[in-house]
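J.: If you want the building blocks of each chain, they are given just below.
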Amino acid sequence: DARVTQTPRHKVTEMGQEVTMRCQPILGHNTVFWYRQTMMQGLELLAYFRNRAPLDDSGMPKDRFSAEMPDATLATLKIQPSEPRDSAVYFCASGPWVQGAFPYEQYFGPGTRLTVT
Amino acid sequence: AQSVTQPDIHITVSEGASLELRCNYSYGATPYLFWYVQSPGQGLQLLLKYFSGDTLVQGIKGFEAEFKRSQSSFNLRKPSVHWSDAAEYFCAVGKRDDKIIFGKGTRLHILP
Numbered sequence: 001d002a003r004v005t006q007t008p009r010h011k012v013t014e015m016g017q018e019v020t021m022r023c024q025p026i027l028g029h030n031t032v033f034w035y036r037q038t039m040m041q042g043l044e045l046l047a048y049f050r051n052r053a054p055l056d057d058s059g060m061p062k063d064r065f066s067a068e069m070p071d072a073t074l075a076t077l078k079i080q081p082s083e084p085r086d087s088a089v090y091f092c093a094s095g096p097w098v099q100g101a102f103p104y105e106q107y108f109g110p111g112t113r114l115t116v117t
Numbered sequence: 001a002q003s004v005t006q007p008d009i010h011i012t013v014s015e016g017a018s019l020e021l022r023c024n025y026s027y028g029a030t031p032y033l034f035w036y037v038q039s040p041g042q043g044l045q046l047l048l049k050y051f052s053g054d055t056l057v058q059g060i061k062g063f064e065a066e067f068k069r070s071q072s073s074f075n076l077r078k079p080s081v082h083w084s085d086a087a088e089y090f091c092a093v094g095k096r097d098d099k100i101i102f103g104k105g106t107r108l109h110i111l112p
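Taken in sequence, the protein lines are chains A and B. Residues in the first sequence are numbered consecutively from 1, following the numbering used here. Residues in the second sequence are numbered consecutively from 1, following the numbering used here.
If you are wondering where the hints come from, they were derived from the structure by calculation, not from laboratory data. All of these numbers come straight from a predicted model, not from anything done at the bench. A few of these clues could be false.
Within a straight-line C-alpha distance of at most 30 Å, the following computed DSBU-like cross-link-like pairs (lysine-lysine) qualify [claimed, not checked]:
#1 A:Lys62 x A:Lys11
#2 B:Lys49 x B:Lys95
#3 B:Lys95 x A:Lys78
#4 B:Lys104 x A:Lys78
#5 B:Lys99 x A:Lys11
#6 B:Lys61 x B:Lys95
#7 B:Lys68 x B:Lys95
#8 B:Lys61 x B:Lys104
#9 A:Lys62 x A:Lys78
#10 B:Lys95 x A:Lys62
#11 A:Lys11 x A:Lys78
#12 A:Lys62 x B:Lys99
#13 B:Lys61 x A:Lys78
#14 B:Lys49 x B:Lys104
#15 B:Lys99 x B:Lys68
#16 B:Lys99 x B:Lys61
#17 B:Lys104 x A:Lys11
#18 B:Lys68 x B:Lys104
#19 B:Lys49 x B:Lys61
#20 A:Lys62 x B:Lys104
#21 B:Lys49 x B:Lys68
#22 B:Lys49 x B:Lys99
Chain A with its partners taken away, still in its complex shape (with noise of 0.2 Å):
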């Protein structure tokens, strides 16, 4: 049963420290996506990869965050230096692509559940 994995489910860290979020896609899929989850903003979509390029990362506060994927099993995101508004539950989401073909389904991970004191 393939499934995204994130790590860690939890973190709890002080107001400017750094923050490193990571995810491990479904094997073969090749676009992968960071959302962020709160009750007053909902999912919001942060950035997202093809064939581990960035493709669209309009979503993300530049000052602060950045989102990588040094190979194709792996995804990061991190927050350098964090804020307590930086608190929420990021998901990381995979999912399979072909040019031209129909947007595709999106497989998500449990999330990291992001405590910035």
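With the hints as your guide, set chain B onto chain A.
T.: Just chain B now, kept in the frame of chain A:
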């Protein structure tokens, strides 16, 4: 720009009653539509999707949705809900070669 509206933030139904969750989209071309469900503490799971063809789409867990182009709607239905259906439901729209846009979600509460 494409967008999705879920007009109901919360819906409460009794167990065994029928359910309809509303979704309206704004999009200039043929939309590709999805419903996802999120159980407490979990990620989102795909319930069903519509790309083309029959406008009544069957999904998992006994859910179905109907695409109505004239009303720009893609409402989710279930004839008889179970307590385990309590969750948050997200409608989403996408287009070819692009990302999916999610609605704000509707939280479903089930009365015993």
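J.: Hint by hint, note whether the structure agrees.
T.: How the hints compare with the structure:
1. A:Lys62 x A:Lys11: holds (21 Å)
2. B:Lys49 x B:Lys95: holds (13 Å)
3. B:Lys95 x A:Lys78: holds (29 Å)
4. B:Lys104 x A:Lys78: Given pair Lys104 of chain B, Lys78 of chain A holds - Cα atoms ~25 Å apart, limit 30 Å.
5. B:Lys99 x A:Lys11: holds (28 Å)
6. B:Lys61 x B:Lys95: holds (26 Å)
7. B:Lys68 x B:Lys95: Judged against 30 Å, a Cα distance of about 17 Å means the pair holds.
8. B:Lys61 x B:Lys104: holds (22 Å)
9. A:Lys62 x A:Lys78: OK: Lys62 of chain A and Lys78 of chain A at ~11 Å, within 30 Å.
10. B:Lys95 x A:Lys62: With Cα atoms ~26 Å apart, Lys95 of chain B and Lys62 of chain A stay inside 30 Å; holds.
11. A:Lys11 x A:Lys78: The given pair, whose Cα atoms are some 13 Å apart, holds under the 30 Å limit.
12. A:Lys62 x B:Lys99: Measuring from Cα to Cα gives roughly 20 Å; hence the hint holds.
13. B:Lys61 x A:Lys78: It is violated: about 36 Å lies between the C-alpha atoms, which goes past 30 Å.
14. B:Lys49 x B:Lys104: The hint holds at about 18 Å.
15. B:Lys99 x B:Lys68: holds (22 Å)
16. B:Lys99 x B:Lys61: holds (26 Å)
17. B:Lys104 x A:Lys11: Holds - the C-alpha atoms of Lys11 of chain A and Lys104 of chain B are around 25 Å apart, at most 30 Å.
18. B:Lys68 x B:Lys104: The hint holds at about 20 Å.
19. B:Lys49 x B:Lys61: holds (14 Å)
20. A:Lys62 x B:Lys104: holds (24 Å)
21. B:Lys49 x B:Lys68: Given that 30 Å is the threshold and the Cα spacing comes to 14 Å, the pair holds.
22. B:Lys49 x B:Lys99: Holds: Lys49 of chain B and Lys99 of chain B sit about 15 Å apart, inside 30 Å.
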